[in-house]
Structure formats: structure tokens, C-alpha cells
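Undergrad: Sequence:
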Amino acid sequence: MSQGKGGASRKEEVVTREYTINLHKRLHGCTFKKKAPNTIKEIRKFAQKAMCSELIHG
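Position 36 of the sequence shown, counting from 1, maps to 36 under my numbering, and the rest follow consecutively.
I should point out that these hints are in silico values taken from the structure, not numbers from a laboratory. Hints should not be assumed to be uniformly reliable.
Computed Cβ-Cβ distance ranges for the label pairs, DEER-style [as the list claims (entries may be wrong)]:
1) K35 / I56: 41 to 47 Å
2) C52 / K11: 17 to 23 Å
3) K35 / K11: 15 to 21 Å
4) T39 / E12: 26 to 32 Å
5) R10 / I43: 16 to 22 Å
List of simulated lysine-lysine pairs, DSS-like, C-alpha gap at most 27 Å [stated by the list, open to error]:
6) K33 / K45
7) K11 / K25
8) K25 / K41
9) K11 / K49
10) K11 / K41
11) K25 / K35
Every value quoted in this text rests on a predicted model; they were computed, and no experiment measured them. Built from N, CA and C at the ideal position, the CB exists for glycine as well.
Construct all of the structure, not just a fragment, from the sequences and the given hints.
TA: Following this line, the structure appears as C-alpha cells:
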């Protein structure tokens, strides 16, 4: 029997991607003591853009 309109939706597959983030250009001109917090913010921002999602947890 075929699945009708109310059938189960297709299963989402897990996708693994590897990225290289150039932190030098993102943190240029940043004060030394603020580099680590700003790095975390930039990585989260990059992940949100790459995953098209706002739900990025640290």
C-alpha cells in the first residue's frame, strides 16, 4: 500500500560538514583581551549562517 497524504514524512539524514573559518580577517583590529569572546561570537555567527538556523548553542 502507498502512503497517502497523511503518511510519514521522509526521515532527515544527518549531514556532516567541515569548514575552515578565517579568524584573522574576522578579528583584525580587535583588542587582545577581547579576542577569545569575540572569536566565540564569530564562530556562532558563522554557524548560524552556514546552517540557516538561529538555534546555535555553545
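Undergrad: Next pair to validate is K11 with K41; report whether the Cα-Cα distance is within 27 Å.
TA: violated, 32 Å
Undergrad: Is K11 close enough to K25, meaning Cα to Cα at most 27 Å?
TA: Not satisfied, since the Cα-Cα distance of roughly 38 Å exceeds 27 Å.
Undergrad: Is the hinted range of 16 to 22 Å satisfied by the C-beta distance from R10 to I43?
TA: Because 31 Å falls outside the window, the suggested range is violated.
Undergrad: Note whether the CB distance of K35 and K11 lies within 15 to 21 Å or breaks it.
TA: violated, 41 Å
Undergrad: Would the hint linking K11 and K49 be met if the CA-CA limit is 27 Å?
TA: Distance ~23 Å between K11 and K49 Cα, so the pair holds.
Undergrad: Given a hint of 41 to 47 Å, does the C-beta separation of K35 and I56 actually sit inside it?
TA: violated, 20 Å
Undergrad: Please verify whether K25 and K41 have alpha carbons no more than 27 Å apart.
TA: This hinted pair holds, its Cα atoms lying about 14 Å apart.
Undergrad: Does K25 pair with K35 here, judged by a C-alpha cut-off of 27 Å?
TA: holds, 12 Å
Undergrad: Using the beta carbons of C52 and K11, state whether their distance is inside 17 to 23 Å or not.
TA: At 19 Å between Cβs, range holds.
Undergrad: Just to be careful, I want the Cα atoms of K33 and K45 compared with a cutoff of 27 Å; is the pair within it?
TA: Distance of about 20 Å is within 27 Å: holds.
Undergrad: Taking 26 to 32 Å as the hint, is the beta-carbon distance of T39 and E12 inside that range?
TA: Given about 30 Å between the Cβ atoms, the range holds.
Comparing the model with each numbered hint stated earlier shows that hints 1, 3, 5, 7 and 10 do not hold.
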